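> Spelled out, the chains give:
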Amino acid sequence: MHDDPTPTPARAARLRTCVRALATAALLAGTPPLALADDHGKELPAGPIRDRHELMEGVGADAKAIGAATKAGKPADAVKPAQEIAAALEKFPTLFPEGSQSPLSRARPEVWSNKKKFDELAADARAKALALAEAAKSGGDLKAASGALFKNCKACHDDFRVPEEGE
Amino acid sequence: MSAASGTAPRLTALLVAGVLAACESERDRAAVATPGDPKRGEAVFALAGGCGCHTPEEGPIGAGGVELETPFGTFYSSNITPDREHGIGAWSDAEIARAIRAGELDDGSVEAPVMPYFAYAGMADDDLRDLIAYLRTLPPAARRNRPHEVDLPLPRLAFRAWRLLFAGGADAPERAPADGVARGRYLVDHVGICGDCHTPRDRFGAPEGDMYLAGTRSGPDGELVPNLTSDRETGVGTWDESDLVSLLQLGMKPDFDNVQGSMAELIDGIAGAPGLGKAPEDDLKTIAAYLKTVPPIHHVVAEEKEKAEEAKEE
Numbered sequence: 001m002h003d004d005p006t007p008t009p010a011r012a013a014r015l016r017t018c019v020r021a022l023a024t025a026a027l028l029a030g031t032p033p034l035a036l037a038d039d040h041g042k043e044l045p046a047g048p049i050r051d052r053h054e055l056m057e058g059v060g061a062d063a064k065a066i067g068a069a070t071k072a073g074k075p076a077d078a079v080k081p082a083q084e085i086a087a088a089l090e091k092f093p094t095l096f097p098e099g100s101q102s103p104l105s106r107a108r109p110e111v112w113s114n115k116k117k118f119d120e121l122a123a124d125a126r127a128k129a130l131a132l133a134e135a136a137k138s139g140g141d142l143k144a145a146s147g148a149l150f151k152n153c154k155a156c157h158d159d160f161r162v163p164e165e166g167e
Numbered sequence: 001m002s003a004a005s006g007t008a009p010r011l012t013a014l015l016v017a018g019v020l021a022a023c024e025s026e027r028d029r030a031a032v033a034t035p036g037d038p039k040r041g042e043a044v045f046a047l048a049g050g051c052g053c054h055t056p057e058e059g060p061i062g063a064g065g066v067e068l069e070t071p072f073g074t075f076y077s078s079n080i081t082p083d084r085e086h087g088i089g090a091w092s093d094a095e096i097a098r099a100i101r102a103g104e105l106d107d108g109s110v111e112a113p114v115m116p117y118f119a120y121a122g123m124a125d126d127d128l129r130d131l132i133a134y135l136r137t138l139p140p141a142a143r144r145n146r147p148h149e150v151d152l153p154l155p156r157l158a159f160r161a162w163r164l165l166f167a168g169g170a171d172a173p174e175r176a177p178a179d180g181v182a183r184g185r186y187l188v189d190h191v192g193i194c195g196d197c198h199t200p201r202d203r204f205g206a207p208e209g210d211m212y213l214a215g216t217r218s219g220p221d222g223e224l225v226p227n228l229t230s231d232r233e234t235g236v237g238t239w240d241e242s243d244l245v246s247l248l249q250l251g252m253k254p255d256f257d258n259v260q261g262s263m264a265e266l267i268d269g270i271a272g273a274p275g276l277g278k279a280p281e282d283d284l285k286t287i288a289a290y291l292k293t294v295p296p297i298h299h300v301v302a303e304e305k306e307k308a309e310e311a312k313e314e
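Chains as they are written, first to last, in the working numbering: chain V, 1 to 167; chain F, 1 to 314.
This is chain V alone, in the form it adopts within the complex (with noise of 0.2 Å):
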């Protein structure tokens, strides 16, 4: 599929198109692009909504930290990072003050709309990260430790926040 059997006019109209498309990125670059949240948050404004913003960063941080450590079979470099997340996900809920939505936020609506469930989905995350510490503590099974506590980010991230969006 990747020669290029192009006949000749083909070619020369997608030159044409091309010079159309350069114009219009060109055109395109004076506009700002669209503010995502995710990675952006300098951007954020202070107080709650960059606080979660930071907290689940350093979340995915220790996150790693776990995963490399399974795999070079030091569990013990595991206890540190989980404790530290059952930690992050006690607070987490509480950054969600009533006003605190934004345009800039990846939050959905549901997090006020359906707090229970939110804060039962935060509860249930730090029990499974604790555990997690746990099992690093005492030789456990950290893969599937990390699994149950994975399972739990993706059932709060699907029902609670909006995927990442393009242009």
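Read the hints as simulated data drawn from the structure, not as lab findings.
What you are looking at is a predicted structure, and each value in this text was computed from that prediction instead of being measured.
Please note that a few of the clues may not be correct.
[To be verified] Taking lysine-lysine pairs in the PhoX-like style, the calculated list, with each CA pair at most 20 Å apart, reads:
#	chain 1	residue 1	chain 2	residue 2
1	V	154	F	278
2	F	39	V	143
3	V	151	F	278
Based on these hints, arrange chain F on the given structure of chain V.
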């Protein structure tokens, strides 16, 4: 490069296309000469992301009617269940094979290239007949196909011209590669057709060959589609094979985040359909092994800051 070309070369091209089409029909009949195995076909279906475009969110599996917005109009996926009136129940195996691999329907018309037949063109005969056997086991859904709303003049001619210009070249083997990177490449290119979303398209909706799997900010439904090449900063070069398998199986990223949107649907399967998560693990491993060999293309799609930091850490 002169743009002017005489009638003779054009006639020759048409003639060649005609002869090729005739040969290909023969080829499709041969491909399905023996009956397929629906059980194996279910794995092919799963590796194809549960043919997700054909299943509406609320089901039933394969009933079609899913709206696909493109720069060329709004298209509606077709019913691929064995319903005799609205689906493919009355089609022969060779007709189904021809629709999947050549984008050609039995009335001689060519499908809109929204259906990536040009990628399935490389699907091996054995996988194809197993897939067809599996499709015939789906519960028939009596849902009428919705006509496309095409923003193109002479759509039938346009689709035929598109096929002539942009499709072709993929040669389907009789048997799928058995293992290793060769199998991974085959699954990525001709069954999972990852490039259908992960390779950006040009103004004609054709995949840009030199941006193979490099991701795009304007994917289906306006979604971000990540760079899958081995570039360490903007692709998945820092992921190892097990990270890639976890993603394909569970939707799990190395930071325990999960994929959402279309990719999550392809992994989980829609309305109970088997998705990538149900595909044989060994196959997902070959896909991961192959992705590690895809040449890096530096192409920022998203999470650039995070990826850049990740690369620095190592």
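> Are the hints correct? Go through all of them and say.
Verification of the supplied hints:
1. Note on residue 154 of chain V and residue 278 of chain F: the hinted pairing holds, with a Cα-Cα distance of about 18 Å set against a maximum of 20 Å.
2. Our distance criterion of 20 Å between C-alpha atoms is broken by residue 39 of chain F and residue 143 of chain V, whose separation comes to about 30 Å.
3. For the proposed pair residue 151 of chain V and residue 278 of chain F, the alpha carbon gap of about 16 Å is at most 20 Å, so the pair holds.
Hint 2 from the list above is the single one not met by this structure.
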